[in-house]
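Next come the chains, spelled out residue by residue.
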Amino acid sequence: GIQVEQSPPDLILQEGANSTLRCNFSDSVNNLQWFHQNPWGQLINLFYIPSGTKQNGRLSATTVATERYSLLYISSSQTTDSGVYFCAVVSGGGADGLTFGKGTHLIIQP
Amino acid sequence: DAGITQSPRHKVTETGTPVTLRCHQTENHRYMYWYRQDPGHGLRLIHYSYGVKDTDKGEVSDGYSVSRSKTEDFLLTLESATSSQTSVYFCAISGLAGSSYEQYFGPGTRLTVT
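These protein sequence lines map, in sequence, to chains Z and D.
Position one of the first sequence corresponds to residue 1 (this note's numbering), numbered consecutively onward.
Position one of the second sequence corresponds to residue 1 (this note's numbering), numbered consecutively onward.
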């Protein structure tokens, strides 16, 4: 099956810093999503981005499907950005289940 | 809020007992999924459903069964719970008519098997 690798696995930043999280995948994808899992365990949808670039406030994402990677940018980090960021993909039919990476654990210090 | 509820939210059970987790949606999404999350892993797919009475196995389906008799409900059953099934279980939905395949997740059920 498809492999999803996220980097870095851990990241500690000061409030106000910018960061880039990377997701590499081993095969072509139909779907790609970015999630934020907050400290209470809730999974929050950030982006649905099988290709192209999207922005939502301080967050933006870019997927280069032909090169099999996606990037999540977080600017002007806030402590509420802390948590785990997951990249997940579907390589088969669009309605198939997601394959998740192991996540990037982000800690924003005040 | 995608209108997904899971019940129970927390459960402690003993090895060998049957357990059923429920996922309920109010959004009329066609597709529903069950995942489990364990420390050091992302989420892994257990089973999914393309519609009423139409289900398929995921990556980690051994020891689990599912049923979907109504669009809004997707049940996950552990026929005889084992300690290795201690995990957090998430339900997801996608496929609202005319929309993308973006998946939305429920709040999760924390299951402990003693």
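Do not rely on the hints blindly, as some may be mistaken.
DSSO-like, lysine-lysine: derived pairs with alpha carbons at most 27 Å apart [as the list claims (entries may be wrong)]:
#1 Z:K54 x Z:K102
#2 D:K11 x D:K70
#3 D:K70 x D:K57
#4 D:K70 x Z:K102
#5 D:K57 x D:K11
#6 D:K57 x Z:K54
Chain Z residues, not near chain D, derived (Cβ > 12 Å throughout) [stated by the list, open to error]:
#7 Q6
#8 S60
#9 V64
#10 L71
#11 D96
#12 K102
#13 I108
Since the hints were made in silico from the structure, they are not lab data.
In this text, all values refer to a predicted model and were calculated from it rather than measured experimentally.
Idealized CB from N, CA, C, for every residue including glycine.
To see whether the hints hold, each was checked on the structure:
For the hint pairing Z:K54 with Z:K102, the CA-to-CA distance comes to about 23 Å; that is within 27 Å, so the pair holds. Distance hint between D:K11 and D:K70 is fulfilled; the C-alpha atoms sit about 24 Å from each other, no more than 27 Å. The straight-line distance between the Cα atoms of D:K70 and D:K57 is roughly 19 Å, inside the 27 Å bound, and the hint therefore holds. Proposed proximity of D:K70 and Z:K102 is contradicted: the alpha carbons are some 33 Å apart, above 27 Å.
Our distance criterion of 27 Å between C-alpha atoms is met by D:K57 and D:K11, whose separation comes to about 24 Å. Simply put, D:K57 and Z:K54 have alpha-carbon atoms about 33 Å apart, too far for the 27 Å limit, and the pair is violated. Not every CB of chain D lies more than 12 Å from the CB of Z:Q6, the least distance being 8 Å, so the non-interface label is violated. Listed as a non-interface residue, Z:S60 keeps its Cβ farther than 12 Å from every Cβ of chain D; the least gap is roughly 17 Å.
Residue-level check passed: Z:V64 sits 19 Å from the nearest beta carbon of chain D, beyond 12 Å. No Cβ of chain D approaches the Cβ of Z:L71 within 12 Å, the least distance being about 18 Å, so the stated non-interface status holds. A beta-carbon of chain D comes within 12 Å of the beta-carbon of Z:D96; the shortest separation is about 7 Å. Listed as outside the interface, Z:K102 is inconsistent with that label: its C-beta sits roughly 5 Å from the nearest C-beta of chain D, within the 12 Å cut-off.
Under the 12 Å C-beta cut-off, the non-interface status given to Z:I108 relative to chain D holds; the minimum distance is some 21 Å.
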